[in-house]
Amino acid sequence: MNRRTTLLYAAMAAVLLSVALLQSWQLALTIVNLCLISAVMALGVNVQWGVAGMFNVGTMGSAAIGGLAVVLVSAPPVRAAWAAGGAGLLASAAILVLTAGVALAFWRWFGSRPLLRGGAVAAVLFSGFLLAQQWFLPATAAIEAVDAASAGYLGGLGLPVALSWLIGGVFAGLLAWPVGRLTAGLRSDYLAVATFGISEIVLAVVRNEEWLARGVKNVTGLPRPVPYESDLQSADGVQTLALWLGLPLRDLASILVKLAYTAWFLAVLGIIFWLLERLGRAPWGRMMRAIRDNEEAARAMGKDVARRHLQAFVLGSAIVGIGGAMLVTLDGQFTAGAYQPLRYTFLIWVMVIIGGAGNHRGAVYGAFLIWFVWVQAETAGLWLASAATALLAPGNPLRAAFEQSPAQLRYVVMGLILVFVMRFAPRGLIPEATPEHQK
Amino acid sequence: MTDLLNGLIHLTSMLVLPGLAYGSQLAFGALGVTLIFGVLRFSNFAHAEGMSLGTAVCILLTLWLQGKGIALGPLPTALIGMCLAVPVMALVFIGTDRALYQHFRRINARPEVFMIVSAGVMLIMNGAIRLIVGPDGREFEDGERFIVTAGGFRAWSGLAEPLVLKTSQAMTIGLALAVGFALFLFLNRTRSGRSMRAYADNRNLALLSGVDPDRIVRLTWVLVAVLSVTGGVLFGLDKGYRPFVYQQLLLPMFAAAVVGGLGSPLGAIAGSMIVAFSELALTFAWKKALGYLLPAAWAPEGLMQFLSTDYKFAISFLILVVVLLVRPAGLFGKPVK
Amino acid sequence: MGKNETPPDLLAVEDLCIAFGGLKAVDRMSMTIAKGRIAGLIGPNGAGKSTLFNLIAGYHRPDSGRVLLDGDDITGKPPHILFGRGVLRTFQIAREFSTLSVRENLMMVPAGQAGETFLGAWLRPARVRAQERALREKADEILEFLEITHVADLPAGSLSGGQKKLLELGRTMMAEPKIVFLDEVGAGVNRTLLYNIATAIRRLNRERGYTFCLVEHDMQFIAELCDDVTCMAEGRALARGSVADILSNERVIEAYLGRGRAAKGTGAA
Amino acid sequence: ENLKIGILFGFTGPIESLTPPMADGAELAMKEVSDSHLLRGGDTVTAVRGDSTCTDASAATAAAERLVTVDKIVALVGADCSGVTTAVLNNVAVPNNLLMISPSATSPALAADTDRGLFFRTAPSDARQGELLSKVLIDRGIKTAAVTYTNNDYGKGFADSFVAAYKAAGGKATLVIPHEDGKADYSAEVSALSVAGGETLVVLGYADQGGHGIIKASLDSGAFDSFAVGDGMHSEKLTADFGPGLKIFGTVPWTVGDGATKFAALAKAAGKKADSSFVRESYDAAALILLAIQKAGDPAKAAQHVMDVANGPGEKIYPGELAKALKILKDGGNVDYVGASDVQMIGTGESAGSYREFENKGGKFETVRMLTAE
Amino acid sequence: MSYLKAEALVGGYGGAMILNSCTIAVDRGRIAVIVGPNGAGKSTAMKAILGLLRLTSGRVLLDGRDITALPTQARISAGMAFVPQTDNVFPSLSVFENLQMGALLRRDPIGETLEEIFALFPILAEKRHQLAGQLSGGQRQQLAVGRALMTRPSVLLLDEPTAGVSPNVMDELFDRITRIAAQGLAVVMVEQNAAGALEIADTGFVLVQGANRFTGAGRDLLNDPDIRRSFLGGRK
Ligand SMILES: Nc1ncnc2c1ncn2[C@@H]1O[C@H](COP(=O)(O)OP(=O)(O)OP(=O)(O)O)[C@@H](O)[C@H]1O
Ligand SMILES: Nc1ncnc2c1ncn2[C@@H]1O[C@H](COP(=O)(O)OP(=O)(O)OP(=O)(O)O)[C@@H](O)[C@H]1O
Ligand SMILES: [Mg+2]
Ligand SMILES: [Mg+2]
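As they're listed, the protein sequences go chains E, F, R, P and D.
Heads up: the first sequence at position 318 corresponds to 318 in our numbering, and the numbers run straight through without jumps.
Heads up: the second sequence at position 75 corresponds to 1075 in our numbering, and the numbers run straight through without jumps.
Heads up: the third sequence at position 204 corresponds to 2204 in our numbering, and the numbers run straight through without jumps.
Heads up: the fourth sequence at position 93 corresponds to 3093 in our numbering, and the numbers run straight through without jumps.
Heads up: the fifth sequence at position 150 corresponds to 4150 in our numbering, and the numbers run straight through without jumps.
In short, the hints are calculated from the structure, not lab data.
Even for Gly, the Cβ is constructed at its ideal location relative to N, Cα and C.
Hints are not guaranteed to be accurate.
Reference listing, derived: stretches of chain F covered by chain P, where coverage requires no fewer than 3 residues with Cβ under 8 angstroms from a Cβ of chain P [unchecked claim]:
1) 1003-1015
2) 1160-1172
3) 1279-1288
4) 1300-1314
Okay, derived cross-link-like pairs now, DSS-like style, lysine-lysine, Cα gap no bigger than 30 angstroms in a straight line [to be verified]:
5) Lys3183(P) with Lys3262(P)
6) Lys3273(P) with Lys3216(P)
7) Lys1068(F) with Lys3272(P)
8) Lys3361(P) with Lys3324(P)
9) Lys3247(P) with Lys3237(P)
10) Lys1287(F) with Lys3167(P)
11) Lys1068(F) with Lys3216(P)
12) Lys1287(F) with Lys3361(P)
Chain E with its partners taken away, still in its complex shape (with noise of 0.2 angstroms):
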């Protein structure tokens, strides 16, 4: 670690620490946690991004489905759901395979004739997506009849929670596979339309397929990986701990909770960027950056272009899962609603952007710095609207348009410092470091 990388981390340290001693511990850890998050996220992009060079910007749905992992692992199932419709859905299930199964041999037998191919490919999935439905409309139907105020849907496993996260991962990765296959050759523009449409299409999905997990009537009450902070109050050491710290029992309670948290993510944050690391450092790194400098040449010099970057992509989309995955383990709820690009995926691409592409400790950076200002960016924006206000008279019209929305500070924000970072370091903070550059 150069003296530039330990003296930013230092500082971001330093102004957490000033968050705790200023404001509270409880928001200090809460912003460390979501860090955390917002680091793995952001090593899941980086990956992708800096590492192999490919432009997705479809992250929101990665998140999204590592959530929903969280949910169909670790909720409680519902067995009358199951009762009224699972054998209606897994019928239709088997009917979908089985189908796909059948178009894939027609593609074998007519792979000489391609207009009858295409034909007998189309209308085979055609009659099997609709042979389907007789059995999945009714099944749906009848499990989000069940209690639909309160469950109507098929519930989960009832696993332990931290097991999602990897199911998390790995319901991502195998969400991206066939999304990688199809546009990994794309260049940089048109895989990032493609993405981010793919992203929204999931989405559509969660948001509107309601046996899965109650779609837009969210999921509450998950479980979690740590004590209640009800459970805390009542033990015995935590209250001697709180007599003898001199803190609030709620408080101490509070931060212990959020302390445990912290370690869990500290945790698979550091296995992940261990891992990345070496990745990075290997042949495996050298070989993807050769192939993102040029793609045909290291054809030519026997790369397995699409397939390494389908492995990019989905280990990265994998690690982003993972990330969405103790999200919602942390909000305690999966709310189809929440998934919004600005914030899943735009602002994760900001964290690597201004931390530093391509640069692992760049990205866990800029992470912790932008999920910071983003977090404070309200009560700086409240500040600097009052500031700035300060010299206009009272009833001036921009004056009011400030006082009136310190919150959306927030995005303008969020724009300049993206403006100037790209202008005046365009690489990063904490930049890759290759031989020397050159424009």
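Go by the hints and put chains F, R, P and D with the ligands onto chain E.
Frame of chain E; chains F, R, P and D with the ligands shown alone:
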């Protein structure tokens, strides 16, 4: 016979006209996107915000004009406001370029860098819009709203199905086609247009051929200002101005530009129509139309919808992905290496 | 195979065709390259030489025809598969990995590096390190050979046009291929250096048994290196034979060399 | 002493155009109390705003955490959207024993008993309003209707209960589809609805979001000319935009004693917007908090008294009468807060309230009749 | 006094100096050829003459006027034309449009020049509607030279115009360059095909590590065995 007419009128008013109008509205955006991509070589994420900002400026100017008692008779006053807003926005765009993009061009930054910077610009413009007009919606349409009204048409034709044509729709459709074609001619037939394309292709060599790069950049932004203000205002007239609705157009706009082939004006128009019509046609409930057009015995029971409207977004992307896989350069794009 | 010459054919092209739009860039082209030989491919600009290379190396799919390597059909196989089978090509317009250092440009070439897989990178650091050391030594040798050791640590993007060509050649030396297709190695390379390259090619051919196929417009270079030469024009083979035969072939002179040159006798060794 | 009350609404995000008037409404109540100097020993009340973003649970949690631990608020008006409200309730309010009253979170999931009696809402219950709206349609003799709802928990819950009640009463919902707020174009939705047909279009959305777009597209294409709406669409901006002749009717929480009218007068006097969605509920949420504090004496215990002040028995309290209520409570009396939206808490802290059937008459929304649950 | 004179140029790309006091001069009607090893700075010297490179010291004179401070654009309008070594066509413009771009600054009819160029490179006439990006390497090179000739320049700078061009066309090209120069153009040409180029050169510059090593008449350099061996690749 009346059934047939009713069916056709139904299709026209529910599918064809909305499709054309929506397609044309997309087309203005897609043309801007495609032009910026074609000449300045980046995908401008701030484009939708630019349209919104242009419309906001136009609304302020229109209010001012209306306050002075200026009107255009049957046409909306906003048309004058629009003409006044174009130079303002041209200045805004050129200013942004001077402050930001110019630097990145100079250091020969990768296209992704431009995209990212434009995302920053998007946020800043977003803030500017809030300052100027706030987040609330506004109606600023005046003049004659309809060319053909539902009641008027029913009374005139005696048919059960209504036909509606709005002034703003008619203007949008007409202008989109005209502007797209003019842009095509400009780029291919004029010296300036050719210089723009040459500049896009190989900046260094363009310089060596005597092209003034600054002029090209200015010219591009002026054209973009014309396109985005016109498109933004027409959209606002038709749907009612809401500042942040334009963001929602960004994606279909890009999809349209990509389907048509980034960089190709005719492609942008074709792509917009394809996106608009596929969104509408696949989620269209064909029940009524088929009921009119088919013999009574065959009249369908269900809605005859291919896909529920929940997934209409998915359609443009499905098309997009298919086009990208089959013809990566888009329908009108030229594959060049 | 089938001809009864002593060295068997390593590569055979049979009736290859490809059209761009209406233009038949390669039009029923057939040729063979014998194992261990240095074959020359010449022809006027636009004859289809680079396109033929692209077809053989898997960058385009032919409309019809076959490419055989050692008797196996390799038509339309993607480049990275061909690389694995020992088929390598360089580009007419050099394509370096611009942000990698020159040395890294060489080190990335060999296939099957343990550190290129997830498991290798994560679990077998010792093996990766050993491989890297060996690669580095090899790369340094090549840099020395090409006289570009002084730029070893610069990003390849900042090399001069000719240096990039050398790097391109250096990469093929890292790969230990069976057959190398060199598309105009000579264009833009200083002639003194070019003849050193010729020596290198000869040595690689003699000592390591690489087969070469090269496109070049410098007749002196062709004359010095090639065992036999094929002349292409308008997408098909115009003539084939020894260097001397080809250089005095009327049709070749007409289509390619030009009268003046033939008269001056430039290039005839 | 100066009491701080938090206001946590989505000042950025999808419903940002609704939230400023809502916050104004809540602050109106706080100012009223503050100016009366009757709260406990003459306490003043200050509002501290925070941004819930409406969608981002993490940002909302952080903002709430800041309000609680840094600004030291004693109770919270908010949050707005159900998702963030649940997150704030579970992650901040419960651990910190903080009273929360939301003016707009309507998700039934919030009625669960994990809230430790800390959470209430003045928002009308979707379920009840759905039934009433269906009654309105049936009583008007409308037997077929197409339905579209905003695709969130509010719209979805509302639509579910409306459709169920409508069917039970013999009506036919020809098509029930969601619409996303903030989209650019609604012609596909409207054309599907139009083909499905129906005498009227039921729009369960927001007046300055997708609902506006749906009505505009319907009028423009001639698909529907009559609209039935719920509380989210109760805004005379619609008649301002689409002309005074717009055929629109629907239900909205209202008070028998004209609490809503009184509130309108109050807001007008203060120069604030009264007829935007959830503004009255916000005023009521803040008022309830303050009255409960007065009754409890200690803000930490206020939650236990919310039901008392909301449901009476006692003197009925309307907007603008908070000083009177404080006085009564101070003297040991009882109040029954009615407020601007006829607050009536049922079960685990939901508002039952009463509703009015309104209809557009020449650009003004006028009461047709009051509706009360049987 | 030479028509074009670059004196004691010193400069580089940021870090190390690439040009270390290099001097190039050529008169109207004359051809100057620069040769030297790869990476010697030949292309860089060309860029410096055109103002594409910031100089640390040295000056460029055109017709006795100091143009060191002029931007590239002004030099182009002053009659300089340049064919870069790489990226020397507009790939997504057609061949015809590429040539039109060459004549961008001209206000007189271009038909005649066009005919001349088509006569010189018949392949360009044949492919006039094809995109330049789809040309073969040698065809591209011909187009690049054609584009520069379209400007009707007074100074023509060519960076390896014959790289990848087939022998018959190369001979034609050298021929044509001689004839063009004779019409009163000053030509500066970087060439690796030194044998061909020095043959027609009036002056030859041998550049090594950014500095002039030898200067002399083309034929003299060609016949000097030392120079031949170390720079021109002569064997015999
Ligand atoms: N993508 C393409 N689209 C259309 N035409 C093409 C394309 N690629 C090549 N061509 C044409 O095919 C012909 C053969 O080109 P190729 O590059 O193979 O020539 P070459 O023999 O390598 O010539 P050179 O010696 O100039 O490099 C040329 O006429 C060229 O214009
Ligand atoms: N853009 C650049 N940035 C940094 N260094 C550069 C750049 N371009 C060239 N160089 C360096 O400058 C030196 C001279 O380059 P130049 O292109 O002038 O050589 P040249 O004499 O034209 O060689 P060649 O005959 O191979 O074209 C080389 O060592 C090269 O590495
Ligand atoms: Mg070639
Ligand atoms: Mg050079």
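Hint check:
Only when three residues or more bring their CB closer than 8 angstroms to a CB of chain P does the claim for the segment 1003-1015 of chain F stand; here the count is 3, and the claim holds. Given as covered by chain P, the segment 1160-1172 of chain F passes the check, having 4 residues with a CB less than 8 angstroms from a CB of that chain where 3 are the minimum. A count of 8 residues in the segment 1279-1288 of chain F with a Cβ less than 8 angstroms from any Cβ of chain P is obtained; the coverage claim is therefore met, three being the minimum. Only residues whose C-beta sits within less than 8 angstroms of a C-beta in chain P count toward coverage, and the segment 1300-1314 of chain F has 6 of them, enough to reach three; the restraint holds.
The hinted pair formed by Lys3183(P) and Lys3262(P) fails the criterion: a straight-line CA distance of about 36 angstroms is larger than 30 angstroms. Simply put, Lys3273(P) and Lys3216(P) have alpha-carbon atoms about 23 angstroms apart, close enough for the 30 angstroms limit, and the pair holds. For the proposed pair Lys1068(F) and Lys3272(P), the alpha carbon gap of about 29 angstroms is at most 30 angstroms, so the pair holds. Straight-line distance between C-alpha atoms of Lys3361(P) and Lys3324(P) comes to about 35 angstroms, which puts the hinted pair past the 30 angstroms bound.
For the suggested pair Lys3247(P) and Lys3237(P), the alpha carbons sit about 14 angstroms apart, so the restraint of at most 30 angstroms is met. At roughly 22 angstroms between alpha-carbon atoms, Lys1287(F) and Lys3167(P) fall within 30 angstroms of each other, so this suggested pair holds. At roughly 29 angstroms between alpha-carbon atoms, Lys1068(F) and Lys3216(P) fall within 30 angstroms of each other, so this suggested pair holds. With a C-alpha separation of about 35 angstroms, the suggested pairing of Lys1287(F) with Lys3361(P) is violated against the 30 angstroms cut-off.
The structure fails to meet hints 5, 8 and 12 from the earlier list, while all remaining hints are met.
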